Amino acid sequence: MPDGGADFVRIEGLKRHFDVSAPWLVRKLEGRARQVVQAVDGIDIEIAKGETFSLVGESGCGKSTVARLVVGLYPPTAGRIEFDGNDMAGRHSRSDMAALRRRMQMIFQDPFASLNPRWRVFDIIAEPIRAFGLSTGKADLEARVAALLRQVKLNPADGRKYPHEFSGGQRQRISIARALASEPEFLVCDEPTSALDVSVQAQILNLMVDLQRRLQLTYLFISHNLAVVYHISTRVGVMYLGRLVEVAPTDTLFRRPKHPYTRMLLDTIPDLEMTGRQRSPVGGEVPSPINPPSGCSFHPRCPFANDRCKAERPRALPIERGTVACHAIEEGRLPIEDRSYALNT
Amino acid sequence: MAAASNNQPLLEVRNLRVEFPTRRGTLLAVDDVSFDIAPGEVLGVVGESGAGKSLTGNAIIGLLEPPGRVAGGEIRLDGRRIDNLPYEEMRKIRGARIGAIFQDPLTSLNPLYSVGRQLVETIQTHLPLSSSQAKARAIELLKEVGIPGAEMRIDHYPHQFSGGMRQRVVIALALCAGPRLIVADEPTTALDVSIQAQIIALLKRLCREHGTAVMLVTHDMGVIAETADRVAVMYAGRVAEIGPVREVVKHAKHPYTKGLMGSIPSLGVRTEKLTQIDGAMPRLTEIPRGCAFNPRCTFKGRRCLVERPNLMPAGATRAACWLHDSGGVGAPIPKETVDA
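If you're matching them up, the sequences are chains A and B in order. Reading the first sequence from the start, the letters are residues 1 to 345 in the working numbering. Reading the second sequence from the start, the letters are residues 1 to 340 in the working numbering.
Quick caveat, the hints were computed from the structure, so don't treat them as lab data. Be careful, since some hints might not be right.
[What the hints assert, rightly or not] Pairs of lysine-lysine, DSSO-like flavour, derived with a Cα cap of 30 Å:
no., chain 1, residue 1, chain 2, residue 2
1, B, Lys250, B, Lys273
2, B, Lys258, A, Lys153
3, B, Lys204, B, Lys273
4, A, Lys49, A, Lys28
5, B, Lys273, A, Lys49
6, A, Lys310, B, Lys143
7, B, Lys273, A, Lys153
8, A, Lys15, A, Lys49
9, B, Lys250, B, Lys204
10, B, Lys143, B, Lys250
11, B, Lys92, B, Lys204
12, B, Lys135, B, Lys92
Fair warning: this is a prediction, and the values are worked out from it, not measured in the lab.
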């Protein structure tokens, strides 16, 4: 990809396939073939230190799988994940691996499911500190947890309570405090605000921006909400059926979207400014990732598809400080249009 | 489309109260809510979870979960009171006069019956049609909501449809008997963004063609801005502000609406920080005295702590906020901060 420089997180040709076949006996009796979901089908991402890289896409496009692959919750089927120059799949001693793992943490979508209801908040937040042996003693541990709670704008006395005593927004703050407990540099946030009400979402987003600035965090942010992504990201990758169709700096992506899918997604954003902006009608639905369409997987829904799109899978080509995987753009069949969302300025 | 100027509103809700008796006392989930819907109008009802918006919708269609009950007020459809009807009579109105669309299309369809059977059953319940006529109408409805291959799809079961297609079937069900009003409770929340846009476009088109009024309950201000003619913003069981959608979105008068609009990330201007309303909506057990929003409000005065504001004219909208009470009713309260 363009502009060199040391990438903090580098993902190359990452693939993850899930076997969703029926049990062996059923397959043999009914003559069914194996079925494999290509949840992530070869993606490349580079994330620089201190930036927020967002992945957007509709459900089933594989964005959450990427998040889980990056933190190591799933092993990849193929491809390589490099974190600060270390190949995560390479041979590391136990302690080296733990040291690497400490530096990346994850925030999950559902703050009701991601906190153990039987643990006090203190223990939830203290767990990573204990697990990585970061604390020197009881007093130090207590001080650290209190500082973490304060950092996410909760009261240190809240540590004695259980998760059910908190609202959704407060629980998400607890998840963030837990993620920060091991002093990570890289946070993978999987839809951290989509279970929250808008006013609470604003609080959490503000908190995340604030923490990023203060602690120099790098975020991989997963979301289906384009407005949130626009607000928080430095660069954005658009995923469709396990592939990245377009990567670009946020402003470029929203002002000069290139891939037809990106344009379609942008057209679906409800128009709060009520500009009466013209939108192209959206057709079709995301096909099943079990039998993805041949060639460019977007071609059945794409108004610009031709025979080449049906046969040949487009490669990611560099364009305007980003990449786009589209034959129509490559051949110049599809002009790049400017879009203006702002009424003023 | 402005509200039709025919004098008679289609739906009148007056001082509606919904209560939940619990062991620890009675919870007032919907408190003194009043609004009208004109024929053919789309009224959006927004609010965060627990604001009472769904309960208001459920009260109108007469489907409150048992411990909850309508404790006061009136609901009138075409001038006829419907909140005190016996169950069987309400059942006839529901479906025939008022259609309902719920959030999750999978749970609002019966998984054991084909969609055709469900449609035919609903049609025959409300309209005097023979089986074959009802089936023809069912196919016509499926075509109308944009299901390709309706003749074949009619024999399919709900699990054979995708989420967006299922929601289309639910819309077809709601339209079966040609109702005057549809209560749509978060109809697009469970769907992907591209499907959401399709469903909204469909709802808008159908309502325009049939002249059906819609009460659109959602937490998504964007959906409201796209669809509704007027919007009611609910907070802690009460209507905080109601008015034409454009006015409420762009020139909100209630501090809560303003904060809510500011907290939505917008594609217009990219800001460093979103406007944030600190705190969260109070639980029903601990709604403060006076204005329910006062603990989170930056404009509050002494009067807000003791006296509860009702909706009052505020610019082009009506807001329940003392800021807009200009002398007439009582002493106006300036921006006097109570606690430091």
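Okay, the hints, checked on the actual structure:
A C-alpha spacing of about 19 Å is found between lysine 250 of chain B and lysine 273 of chain B, which places the hinted pair at or below 30 Å, so the restraint holds. For the proposed pair lysine 258 of chain B and lysine 153 of chain A, the alpha carbon gap of about 23 Å is at most 30 Å, so the pair holds. A distance of roughly 34 Å separates the Cα atoms of lysine 204 of chain B and lysine 273 of chain B; the hinted pair therefore is violated under the 30 Å criterion. At most 30 Å may separate the alpha-carbon atoms for a hinted pair to count; lysine 49 of chain A and lysine 28 of chain A exceed this at roughly 51 Å.
Our distance criterion of 30 Å between C-alpha atoms is met by lysine 273 of chain B and lysine 49 of chain A, whose separation comes to about 21 Å. Among the hinted pairs, lysine 310 of chain A with lysine 143 of chain B is consistent with the structure: their alpha-carbon atoms are about 29 Å apart, no more than 30 Å. The suggested pairing of lysine 273 of chain B with lysine 153 of chain A holds, with an alpha-carbon distance near 16 Å, which does not exceed 30 Å. As the CA atoms of lysine 15 of chain A and lysine 49 of chain A are separated by approximately 24 Å, the hinted pair is consistent with the 30 Å bound.
Between lysine 250 of chain B and lysine 204 of chain B the alpha-carbon distance is near 22 Å, which keeps this suggested pair within the 30 Å criterion. Proximity of lysine 143 of chain B to lysine 250 of chain B is assessed by CA-CA distance (about 37 Å); at most 30 Å being required, the pair is judged violated. Restraint check: the Cα-Cα separation between lysine 92 of chain B and lysine 204 of chain B comes to about 25 Å, which is no more than 30 Å; the hinted pair holds. Distance hint between lysine 135 of chain B and lysine 92 of chain B is fulfilled; the C-alpha atoms sit about 21 Å from each other, no more than 30 Å.
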